[in-house]
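Asker: Protein chains in written order, with the numbering used here: chain A, 741 to 1058; chain B, 26 to 339; chain C, 13 to 335.
Don't take every hint at face value.
Here are the in silico distance ranges between beta carbons for each label pair [said to hold, decoys possible]:
| hint | chain 1 | residue 1 | chain 2 | residue 2 | range |
| --- | --- | --- | --- | --- | --- |
| 1 | B | A61 | A | M1026 | 25 to 31 Å |
| 2 | B | L311 | A | S924 | 44 to 50 Å |
| 3 | A | G991 | C | T330 | 19 to 25 Å |
| 4 | A | G970 | B | T114 | 52 to 58 Å |
| 5 | B | D166 | C | A45 | 30 to 36 Å |
| 6 | A | K914 | B | R175 | 51 to 57 Å |
| 7 | A | K914 | C | F180 | 44 to 50 Å |
| 8 | B | T118 | A | K1023 | 39 to 45 Å |
| 9 | A | E1024 | C | M49 | 53 to 59 Å |
Pairs of lysine-lysine, DSS-like flavour, derived with a Cα cap of 30 Å [claimed, not checked]:
| hint | chain 1 | residue 1 | chain 2 | residue 2 |
| --- | --- | --- | --- | --- |
| 10 | C | K106 | A | K989 |
| 11 | A | K992 | C | K106 |
| 12 | C | K106 | A | K982 |
| 13 | A | K1034 | C | K106 |
| 14 | C | K106 | A | K972 |
| 15 | C | K106 | A | K803 |
If you're looking for bench data, these hints aren't it; they were derived computationally from the structure. All C-beta atoms in this analysis are idealised placements derived from N, C-alpha and C, irrespective of residue type, glycine included.
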Amino acid sequence: MKRLFSLTAALTISWSGSTFAAGETIAVFTKNLTNPYFQAVRVGTETAAKALSVKVIQYVPTKPDSIPEQLSQVEDVIVKKPDAIVFIPVDYKALVPAVEKINAAKIPVTNITDRSAAGDFVAFVGADDYSIGLAVGKRLLTAMGGKGNVVILEGVKGSLTSTNRVRGFTDALKEFPNAKLLASQPGNFQRLNALQVMENLMQSFPQIDGVLAANDPMAVGALEALEGAGRKAQVVGINGSKEAVDLIKSGKLLASGDFNGFIQGCVGTEIAVRNLRKQPTPKEVMLKPIVVDKSNFAPYETPVEQRACPALEQVLSN
Amino acid sequence: MSTRTLVFSQLARVPGVAIALVGLCGIFAATSPGFATPANIANVLTQSTILLLLALPMTLIIMTEGLDLSMGAVLTFASIVLAMIAVGTGSITLAVAGGLAVGLCFGFLNGALIALLDIPPFITTLGTLGIAQGLSLVVTDGQSVVGIPRTIEAFYSGTVAGIPLPIIIAALAYTLTHVLLYRTRFGTYIFALGGNREALKVAGISVRGMLIRVYMFGGLMAGFAALLMTARLNSAHPTAGIGMEFDAIAALAVGGTSFERGNGWLLGTLLGVVTVGVLRNGLNLLAVPSSAQVACIGALVIAALFIDGLRGEQ
Amino acid sequence: MSMTGKIAAPRFALSGDVMQMLYRVLAVVLLSAILAMLSDVFLTANNILNVLRQTALLFLMASGLTLVILTAGLDLSIGANVALSGCLAASVIKLTGAPLAGVGVGILCGTMVGLANGVLVTALRIPSFIATYGMMWMLTGVTYYYMGGETIHGFPAGFRQLGSGYLFGVPTPVYVMVLFLAIGALFAQRTIWGQQIYAIGANPVAARLSGVPVERRLVLVYTVSGAMAGLASLIILARINSAQGDIGEELTLPAIAAVLVGGTSLFGGSGTVAGTLIGALLLTVVLNGMNLLQINSSWQPLATGIIILLAVWIDTRTRRLGE
């Protein structure tokens, strides 16, 4: 206990010792107002901001995932010259010109979640979608005893997240040669979409033993479809969302990969602030893939608004 | 006449959109330090150019009692074709030609379906929207098209005598459309298409031919808009232009063009587009939360038409 | 159109509309036959029920809209209405644990929004395209703000039966669909109010001269459109067992398409609620077929676009034949 205290004290002192006048402004860009993942990111940035005495301003396109709108918002924000930017590009290729504009305006920018195809960043904070897909996939297949019929519910066609997660799924399948992949269809990361796709798949395939969903809303959609048809299968998702955790608790969902935007928002903001305050920052933070299941779901039950940001050191040492 | 009535009646002549524009500029200039700077003004105007390129032909189309809901999707597909040609051949010229060709083809398709098959414009263009959107998705499989020679960016970020190139392009487009509408036979025929098709027939002008030309003009401008969009993104994406036709329609409605009466006002369209751009820019600068921004846009559109409706009765 | 004191009879009485209906039913039958040949799961009980369930949702959204389009108007706000009504209803259900309260709130919200649209169009004289477009933005803004990017999930099992349950082997939404088909058709065809609505669409000036209270009827149709959106939102909630800020937004254009494919004219005055049902069925069967045949989902907007064009083209041809 004493050691923890002195460690915390040391960190706090070193922290405050190199703090300039607080109150820096950080502009945060996320993709849309409707996906809870990005809400978790925003909450993370706000929580970190409060702890670090900086101000964050949220920029979200009014039309969800609108590329031209995010571009315009970047251009408008550059006029205001925030001290730093934390950036999730709506599309990792199409927003490159926006990043270049930010670079030209000499505003330090940290990239989180979707790795931009180009541009100069203070750091990239993300989770390895591939590793998460792989880990979650293996969990499902192990639970299935290594055999059976599996379907994959992909995300949005063309999104980096979806592509990498699905790659993880398919590689997991390679390690279990007795499991058969029946179909791989996009559900657009959306619940209703995934529900209908799953219903259609159930028509075509009378026996489905496992569902690999690239995110939680789709996993839930698949579960609804299964329940509606009176069928059972093992389902896994990715996000570690509250809803998924509730379902894991009740035994309906097998597992969910931890890809919770909260930590990325926290860490992205922390790094942006450290960079402004001339403190050392890592160039890349890749969060370890954690699979949330019946054994370890407890910490995930707290809603993001009530969580505290983890210290950077703790995240790095994981 | 009392002074108050005099002033009021003069004010009543000033179009609602101008009042809205001046009002918004005033509010934002007062509350946001960065708003009224040359850099930001150039910013807002440049951001408005793509929408203007769509709104201008839309005004003409609406004057012919028509509508083109496919413009955003056609822009998107044209930009994808443009990008693919640029990546494949390395030639920007060929790429631009390809994009314009796509626009013209869809314009022809729209016009032909409307004129020859008598399908109402709303439905026709809803259908071609689906076709263009579908083609965009299928051809790209959801991915951005990248690898375009960087010279294309000059179309959006280049300047001539300090003025951003898009603004010059938009100014040229406006002038062209203005001349077309108010100074040529073609323009007179467009007016006739809107209220007096009989006159055209009597004069021996093919109504069908005119309609096809009007929609082809729309397609052509969508092609130019595609060029600017591709230059802006240095890539093409199958969702880039989604919904822009609705934005264009709203902008020109704010500008005073009426569906019911089919009277178009080109300057009003320009003002409407700039007003919407100013609103968005100002709200961003003020860091108004996104959900409030969404509501504001709706409020602006309704308020503008409400005011116009009021004044129409005087 | 007769300018005498009589209100012009609704066009459904003419055989032209019956022909149109027949062509459409024929199209559905033909399409189903083709799909049955191409896919051996298409005609299974499960799949048919699924198609009916999905059609029911689309129809409910499009049914109120049909009345609006009959008056030569448009309602672009139905998707956003679904979102707001659904999210409010979801909150109430979670708060009170009483699904009925949520149902009431959802329908009430939808109705109020519809009423607002009606006022904008009649009292403020704003063209319906723009009025409902602006309303769409405002509703979306309010919904996003209210939800704050969160999801509401987990409703009582009884409520969920409304969307995903079965009654005597038939999905529950189908019963709702049949109910409102009957109500809608009877209203449009057999009541004075329905006849007046057709008259307004066919010739507003003549209708007014004949004594039809045009403004009141217009407010009515927009209110009904909103109420149906509220109802549809409940079915969506029950189906996906959650609420989010953007539910229903992807249903606006398909709902409009269903009405148009169903034979209702944008110019007002002709069309039927039953036609909208067939339009919804046709569109759903096409998408279902594409899914079953594992056709790349990217082709779906293309297919929908072509269907719309074909349907209306056939209409214009047959209208000419009938004249």
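Asker: For each hint, tell me whether it holds in the structure or not.
Answerer: Hints, verified against the model:
1. For A61/B and M1026/A, the hinted distance range of 25 to 31 Å is not satisfied, since their beta carbons lie about 44 Å from each other.
2. Checked against the hint of 44 to 50 Å, the C-beta distance between L311/B and S924/A comes to roughly 45 Å, which is consistent with it.
3. In this structure the hint that G991/A and T330/C lie 19 to 25 Å apart at CB is violated, the actual value being about 57 Å.
4. Here the CB-CB span from G970/A to T114/B is close to 56 Å, well matched to the stated 52 to 58 Å.
5. A beta carbon spacing of about 32 Å between D166/B and A45/C agrees with the range 30 to 36 Å that was offered as a hint.
6. The supplied range of 51 to 57 Å is broken by K914/A and R175/B, whose beta-carbon atoms lie about 39 Å from each other.
7. With their beta carbons about 46 Å apart, K914/A and F180/C fall inside the hinted range of 44 to 50 Å.
8. Hint check: T118/B to K1023/A, Cβ distance near 41 Å, so the stated range 39 to 45 Å holds.
9. As the Cβ distance of E1024/A to M49/C is approximately 55 Å, the hint placing it in 53 to 59 Å holds.
10. Restraint check: the Cα-Cα separation between K106/C and K989/A comes to about 19 Å, which is no more than 30 Å; the hinted pair holds.
11. This hinted pair checks out: K992/A and K106/C have alpha carbons roughly 21 Å apart, not beyond 30 Å.
12. As the CA atoms of K106/C and K982/A are separated by approximately 15 Å, the hinted pair is consistent with the 30 Å bound.
13. This hinted pair checks out: K1034/A and K106/C have alpha carbons roughly 25 Å apart, not beyond 30 Å.
14. Between the alpha carbons of K106/C and K972/A the distance comes to roughly 27 Å, so the proposed pair stays at or under 30 Å and holds.
15. Of the pairs offered as hints, the one joining K106/C and K803/A holds, with about 28 Å between alpha carbons and a cut-off of 30 Å not exceeded.
Hint compliance for this structure: hints 1, 3, 6 are not met, and every other hint is.
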